[in-house]
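Please arrange chains B and C on chain A, whose structure you already have, making use of the hints.
What follows is each chain in one-letter form.
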Amino acid sequence: MTNTWQDIKNANVVIVMGGNAAEAHPCGFKWVIEAKIENGAKLVVVDPRFTRTASVADYYAPIRPGTDIAFLNGVIRYLLEHDKIQHEYVRSYTNASLIVKDGFDFQDGLFTGYNEETRTYDKSTWDYDLDKDGFARSDDTWQDPRCVINLLKHHVSRYTPEMVSRICGTPQDKYLHVCELIASTSAPDRAMTSLFALGWTQHSVGAQNIRNMAMIQLLLGNIGVAGGGMNALRGHSNIQGLTDVGLLSNQMPGYMNLPTDKETDFDIYMSTRQFKPLRPGQISYYQNTRKLFVSFMKAFYGDAATQENHWAFDWLPKLDIPLYDIIKAFEMMNAGQMTGYICQGFNPLQAFPDRGKIRRGLSKLKFLVTMDPLDTETSRFWQDFGPQNPADSAKIQTEVFQLPTTCFAEENGSLVNSARWLQWHWKAAEGPGDAMSDIWIMSGIYHRLRELYRKEGGAFPDPLLNLTWKYTDPLSPDPEELAKEMNGRALADLTDATSGAVTKAGTLLDGFGQLRDDGTTSSGCWIFSGSFTEKGNQMARRDATDPREQGIAPNWAWAWPANRRILYNRASADPTGKPWNAAKPVISWNGTKWVGIDVPDYTPTLAPSAGASPFIMNDEGLGRLFARKLMAEGPFPEHYEPLESPVENPLHPKVQNNPAARVFADDRAAFGSPKNFPYVATTYRLTEHFHFWTKHALINAILQPEEFIEIGEVLAKEKGIEQGGWVKVSSKRGEVICKAYVTKRIKPLTVDGKPTHVIGVPLHWGFTGQARKGYGANTLTPSVGDANTQTPEFKAFLVNIEKTTAPVAA
Amino acid sequence: MSDLQSQDYIRRSASTMTPPMARSTEEQVAKLIDVTRCIGCKACQSACMEWNNLRQDIGHFEGSYQNPNDLSPDVWTLMKFAEYENEEGNLEWLIRKDGCMHCEDPGCLKACPAPGAIVQYANGIVDFISDKCIGCGYCVKGCPFDIPRISKKDHKSYKCTLCSDRVAVGLEPACVKACPTGAIMFGTKTDMAHWAGERIVDLKSRGFEKAGLYDPPEVGGTHVMYVLHHADKPSLYSGLPDNPRISAAVEAWKGIAKPLAMVGIALAAVVGFFHYIVKGPNEVTEEDEVQGERALEDAAEKTP
Amino acid sequence: MNHPKTVIIRYTTSQRVNHWINAICFTLMVLSGLSMFHPIMFWLSNLFGGGQWTRAIHPWIGCVLMASYIGMIVQFWRANLWRQEDTAWMKSVPAVVEDDEEHIPAVGHNNAGQKLVFWSMTLLIPTLFLTGLVIWEVYFGEATSISVQRAAVLIHSTAAFLAIIIWIIHVYAGIWVRHSVRAMTQGYVTPGWAWRHHRKWLWELASGQSGKNSIRKRP
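In order, the protein sequences belong to chains A, B and C.
Take 1 as the starting number for the first sequence in the UniProt record's numbering and just add one per residue.
Take 1 as the starting number for the second sequence in the UniProt record's numbering and just add one per residue.
Take 1 as the starting number for the third sequence in the UniProt record's numbering and just add one per residue.
Bound-form chain A, shown alone (with noise of 0.2 Å):
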């Protein structure tokens, strides 16, 4: 979330779209009740399905799954056809007028720089024109045609009403009272709020969904106000911290990449990180990656990591293709090429798309380590349960090691909110039988790797032997250590430049601004910096004051960056620092310094005068329209098909699913025709659930106990389903067989003039645990990844359906 749960509040306009808020966050969605009930906002919901959260909307809007940017596109369209935009923001705070490279082009569906064969772009063109000073050239008039608000008009003008009616199936006058409703947050003191969720994370296109909403925002000036911002709803209550600290495999701690095989050494992996700003007076903040950087490495490696050994950068992997994601772990596994799996919290047999291929995957295994407070389907994936898990255990050599660990109610430790607070929490209880924590199985498995490799050598010892490891109890560190450790210290006396005022070495830093690139300084997750400091666990702080009632309690808990509650907050007033909406201020200029109710995301003494944009974390200083290199399909949203979808591409044909997504030839050869698989599918969860853990609690099981899926009146009465009948619904990839809903709340839709029926597959089932035994819904869902984060495509694919009878075990 740029902004915070509370913010929501400030809405005037709420739009869930690609999430369904109140089923799966129905804690938070408080704050939208509040906002409609408090501040008179309009509450909009567009899903394929009528939703719990429809359920409570002023206005709903279906939509065809995997058909979002369709529809944003045509919102774009419909903001600068009709004027709806905030000008002076768009002008002065976003890359609007930036004029962008000669040879950027985009034709029948593809962008300039497409190599068919490695279905990667080379992107050179995708970006401004700079001129002799290394500065984007701009044009503040928008007269020039290759200024980005332009490409941009011209790159919309496609999706009229009548082609996002024809793609998405929304019926015209519905998604034009959306487009009227989004429109009304223009004026610069009214705000519309984005949430979202795994609604567009999961597609082959998830990335550009939330960009292209991100523009929407930024065109309509609702990015760093209050009651505005593009508003992610985490689903695991961890999930930010999981990022925050880089648990992906291309990722360090902090959003710091890894580096990849072609950056061969420390310099070269600096050279594309410190980003000069592009345009004059612009702050560029990642110009710090070296301090950023090197003090992650001291924490890491601490006396080992040195100037002359370039801070250990040589002990890092590198990387020799773009991620080894979960996906690609699979292939592997599949492929042979990884036969040792250690799933540390995580459920791949019911997580992961295409059961079947992570089954036999997991059955080639040598072994198979599983780390979790609960009886998984993994750890269970060798054993025959019936049609649900119909397992050969004798045909499976796979050595499993079920180790359980404890929860969170069992040990210290933070939790990071979708609003990106830490949020300390204490142990309540013991854990159950021989569950141990995670840290001290991951310590036990480090101590006895070094040793071994202390023993034995092998081919590149270094990066374990030399890692640092400085705990009270090394076999079992606490969590306030690691916490500490994470914050980072003073390695040596730091003499501030300005204030003279010296951090004793040794000491915890207050905030990533101390930190040095001489290795003065460690650090191990810079953006969690200040989190805890020698004024104590920042973490645990429980005040709640919130002094102008607006959803900002800076002393409750700890928000990074920097304790910083709404990103991009400079954005909030005007370019002469004056907030844009007098009632709902969140920082302002008073002549000396940025003063209000968060912690200024800018310079805190950097005048207005100055001229440098709100957004400091890009390199000038914007919000991007365009986003130049750094998405792999494009620099503008596109909308292109699923990679499984029941139509041609009405814009390009021949261009029908997204051009850069990777896909393996064995997914590929399993991805169903429209021929066979008539009906789309898209799956979600239920509030009744979370994943797949509470099946395992018996309120949960009774309060939603047996699998089913969801289907519209009209197809149940064409293929004969009766309610709470059993159905098979099966996709090229395999088949489940559930009880089917029946229900109004899923109308077959109008798509390129055909009726398109969707059918909804809700995820929690399994076959341990409390609840009914059930296939689970990721038997049927293709292997296939958005292009950028590998994030699978859950949310649209092909199934067919029939009538059949109860599942009997073999």
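Incorrect hints may have been included.
Restricting the straight-line Cα-Cα distance to at most 20 Å, the calculated cross-link-like pairs of lysine-lysine (PhoX-like) are [claimed, not checked]:
1) A:744 to A:101
2) A:84 to A:174
3) A:318 to A:328
4) B:204 to A:42
5) A:276 to A:291
6) A:744 to B:80
Below, a sample of chain B positions facing chain A; criterion: calculated Cβ distance under 7 Å [what the hints assert, rightly or not]:
7) 41
8) 49
9) 52
10) 58
11) 63
12) 70
13) 177
These are computed hints drawn from the structure, not numbers from a lab.
Predicted model, so just to flag it, every value in this text is computed and none were measured.
Just so you know, even glycine gets a beta-carbon here, dropped at the ideal spot from N, CA and C.
Okay, now just chains B and C, sitting in the frame of chain A:
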């Protein structure tokens, strides 16, 4: 529930005496369920299960998000989901938390034959005192809302207690505490009605012309009230009664029939008694015996 | 008082046994039923071990009563067929109450009052039984709709009330008309009793039209 508040009853089932009511000046309470801001998350259901320690058996999917399938001795509150297509052809998903309405004039209490098995506290809460329940099921017949359920295990009747145990010590009911969107509120009935008024103004401004408060006068008002978008058609909400009233049969049975029958029976006995006192026994006389014997003898002579 | 030399068997052993099963059941039904009908009678539930026991046992006794009453119908239906003199007897009810023998027409084995008791119970007991089944929560709580149960409970109470009134009249008549109880306990009446209360029956016996074997020497 067990009986924690025996000194502030205002009604007590099957009792001909005035109940103890030393503390009857307490303010009337009410739970206000604003169905227009309810998202059907079932937090109320799980809070109810946890606080009251109730665990229904794991059931089946039966064609709705409604689970368990019905109220039961182990299910005191239940979200009910109704798909409704309005006049404009737009869908509305009307989600209502069902459970005891805590009527001001409770039909269950009226019907109950076991003294003190159903009581109403001064604050308006209607509570089942389980150890006095005899399991006859008359409360089921008395209730206009189809709420009480009789356990097959212990033959006691169960329903929502409005967390009378929590309310007695100044806490809100468990469902109220758990509701994430504030759709369930609790306070004095006056405050709740006032708040409902504000909500109704907001709903009318959003196009729900017929928004209103459900506090049916036919049962004297209820201590569980609903804010409805369609207050003119309560039955849209999974059969919430449009005009709930205690059935005429129950009214007759528990009203006039009781005294009338008792008087009738007493009268019959008394009349008999005094008839006896006045007339004495109907004795067979000597003369009758003679006549009787003779009749037999005459006949004997006629037949050889 | 002279003791007649002969007696007349009025009720066979099986009839008496049947009647008393019926009577005991009915009494228990009245006691338990009333305890659940009106709060001032709830104390009667103590006779059965408390409210729960009363609620549990009442319908089972009802089943026995129903079975037993079927026996009664089988054994007594013929004797309770309506005859011409019954209508006349009905007209003379004031005389019966007044104990004015002169103006009471002679009747057979049963007078019209007894027949009315029989036929009323023949109607009421099955009614009570059937409505009782409907409101037998443990087994049939879900078999019918609540509105059917509401009607059933009202009919059940009304029928019970009528049956109790009839039962009071029946019992009182048995007490008031001396030696009627002996007829049902020991089975016999004296010729004088028959002469006084059921003269036509006596004549029928005497003329041998029926029940010649009923006349015995006094034991």
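Comparing the hints with the structure gives:
Of the pairs offered as hints, the one joining residue 744 (chain A) and residue 101 (chain A) is violated, with about 51 Å between alpha carbons and a cut-off of 20 Å exceeded. Taking the CA atoms of residue 84 (chain A) and residue 174 (chain A), the gap is near 18 Å; set against the 20 Å cutoff, the hint holds. Note on residue 318 (chain A) and residue 328 (chain A): the hinted pairing holds, with a Cα-Cα distance of about 17 Å set against a maximum of 20 Å. Distance check on the hinted pair: residue 204 (chain B) and residue 42 (chain A) sit about 14 Å apart at the alpha-carbon level, within 20 Å; holds.
This hinted pair checks out: residue 276 (chain A) and residue 291 (chain A) have alpha carbons roughly 15 Å apart, not beyond 20 Å. Among the hinted pairs, residue 744 (chain A) with residue 80 (chain B) is consistent with the structure: their alpha-carbon atoms are about 16 Å apart, no more than 20 Å. Annotation: residue 41 (chain B) was flagged as interfacial toward chain A, and the flag holds, the nearest CB pair being 4 Å apart, inside 7 Å. Taken as an interface hint, residue 49 (chain B) checks out: its beta carbon lies about 5 Å from the nearest beta carbon of chain A, inside 7 Å.
Restraint check, residue 52 (chain B) versus chain A: the minimum CB separation of about 12 Å is more than 7 Å; hint violated. Among the interface hints, the one on residue 58 (chain B) holds; its C-beta lies about 5 Å from the nearest C-beta in chain A, closer than the 7 Å criterion. With its C-beta approaching chain A no nearer than about 3 Å, residue 63 (chain B) sits inside the 7 Å limit, and its interface hint holds. For residue 70 (chain B), the interface hint is violated, since its Cβ never comes within 7 Å of a Cβ in chain A; the closest pair sits about 13 Å apart.
Taken as an interface hint, residue 177 (chain B) does not check out: its beta carbon lies about 13 Å from the nearest beta carbon of chain A, beyond 7 Å.
Checked against the numbered hints given earlier, the structure breaks hints 1, 9, 12, 13 and satisfies all the rest.
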